[in-house]
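Engineer: Using the sequences and the hints given, assemble the complete structure.
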Amino acid sequence: GQNIDQPTEMTATEGAIVQINCTYQTSGFNGLFWYQQHAGEAPTFLSYNVLDGLEEKGRFSSFLSRSKGYSYLLLKELQMKDSASYLCAVFYNQGGKLIFGQGTELSVKP
Amino acid sequence: DVKVTQSSRYLVKRTGEKVFLECVQDMDHENMFWYRQDPGLGLRLIYFSYDVKMKEKGDIPEGYSVSREKKERFSLILESASTNQTSMYLCASTEGRGETQYFGPGTRLLVL
Numbered sequence: 001g002q003n004i005d006q007p008t009e010m011t012a013t014e015g016a017i018v019q020i021n022c023t024y025q026t027s028g029f030n031g032l033f034w035y036q037q038h039a040g041e042a043p044t045f046l047s048y049n050v051l052d053g054l055e056e057k058g059r060f061s062s063f064l065s066r067s068k069g070y071s072y073l074l075l076k077e078l079q080m081k082d083s084a085s086y087l088c089a090v091f092y093n094q095g096g097k098l099i100f101g102q103g104t105e106l107s108v109k110p
Numbered sequence: 001d002v003k004v005t006q007s008s009r010y011l012v013k014r015t016g017e018k019v020f021l022e023c024v025q026d027m028d029h030e031n032m033f034w035y036r037q038d039p040g041l042g043l044r045l046i047y048f049s050y051d052v053k054m055k056e057k058g059d060i061p062e063g064y065s066v067s068r069e070k071k072e073r074f075s076l077i078l079e080s081a082s083t084n085q086t087s088m089y090l091c092a093s094t095e096g097r098g099e100t101q102y103f104g105p106g107t108r109l110l111v112l
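Protein sequence lines, in the order shown, are assigned to chains A and B. Everything in the first sequence is counted per my numbering, starting at 1 for the first residue and increasing by one. Everything in the second sequence is counted per my numbering, starting at 1 for the first residue and increasing by one.
If you're looking for bench data, these hints aren't it; they were derived computationally from the structure. Note that the structure is predicted; figures quoted are calculated from it, not measured. Just so you know, even glycine gets a beta-carbon here, dropped at the ideal spot from N, CA and C. Heads up, a few of these hints could be off.
The following label-pair restraints were derived from C-beta to C-beta distances [what the hints assert, rightly or not]:
| no. | chain 1 | residue 1 | chain 2 | residue 2 | range |
| --- | --- | --- | --- | --- | --- |
| 1 | B | 80 | A | 53 | 43 to 51 Å |
| 2 | A | 14 | B | 95 | 34 to 42 Å |
| 3 | A | 45 | B | 61 | 19 to 27 Å |
| 4 | B | 15 | A | 13 | 41 to 49 Å |
| 5 | A | 95 | B | 86 | 21 to 29 Å |
| 6 | B | 5 | A | 81 | 20 to 28 Å |
With a straight-line cut-off of 20 Å between C-alpha atoms, the simulated SDA-like cross-links for lysine to any residue are [what the hints assert, rightly or not]:
| no. | chain 1 | residue 1 | chain 2 | residue 2 |
| --- | --- | --- | --- | --- |
| 7 | B | 57 | A | 94 |
| 8 | B | 55 | A | 92 |
| 9 | A | 97 | B | 58 |
| 10 | A | 97 | B | 44 |
| 11 | A | 97 | B | 30 |
| 12 | B | 55 | A | 94 |
| 13 | A | 97 | B | 68 |
| 14 | B | 3 | A | 47 |
| 15 | B | 57 | A | 93 |
Covered stretches of chain B (in silico footprint by chain A; criterion: 3 or more residues with CB under 8 Å from a CB of chain A, positions within the stretch not fixed) [said to hold, decoys possible]:
| no. | segment |
| --- | --- |
| 16 | 41–51 |
| 17 | 96–110 |
Structural biologist: In structure tokens, the structure reads:
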């Protein structure tokens, strides 16, 4: 299988930093995406990693280690509007499909 | 900006009805996808298409069919709706394989 594992839910405080982890099976790996989805809305693209290392984009950063089958999304200076579900998705060569994790529900509290 | 639109935001149908969900993208994308999203199960791929008149089964195609007669339009068909098809349906498109997926706003379908 091509299981994508991420925590179901996390809670953090406004202004803090939170790290959302994602692990995946490495065979056939061809890129990893992070999406943000607010309740009742469609997912929107946050980041894409295909090479090892950290990609920074404002308050959000995404890290990838291909050998370990591991990624994380780092959110800094948390704001209330960051409360959402964060989806990790991996593109595999076999079948040419994007496989989504179940999503991590992040609650940001004052 | 890529725009992906879906024909309805909310839909209520009765068991046994034939249901059509329409998706249109305006960026000349080759690839289009239909997912359903359910609590605790995440996004699951129903069908996808890499070209006009081409379709491939995703992970959960049973009970669904699709049609792609034009590049910009990808339709999902529930031949005979059942209550277990109550879900949020999301359409997406990409320019190339493995590239960023752009999602429509979703259709929340309730089958009674």
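Engineer: Next step is simple, just say for each hint if it's right about the structure.
Structural biologist: Checked hints:
no.	hint	verdict
1	B/80 - A/53: 43 to 51 Å	50 Å, holds
2	A/14 - B/95: 34 to 42 Å	37 Å, holds
3	A/45 - B/61: 19 to 27 Å	26 Å, holds
4	B/15 - A/13: 41 to 49 Å	46 Å, holds
5	A/95 - B/86: 21 to 29 Å	27 Å, holds
6	B/5 - A/81: 20 to 28 Å	25 Å, holds
7	B/57 - A/94	14 Å, holds
8	B/55 - A/92	18 Å, holds
9	A/97 - B/58	8 Å, holds
10	A/97 - B/44	11 Å, holds
11	A/97 - B/30	14 Å, holds
12	B/55 - A/94	16 Å, holds
13	A/97 - B/68	18 Å, holds
14	B/3 - A/47	19 Å, holds
15	B/57 - A/93	16 Å, holds
16	41–51	holds (count 7)
17	96–110	holds (count 9)
In summary, this structure violates none of the numbered hints.
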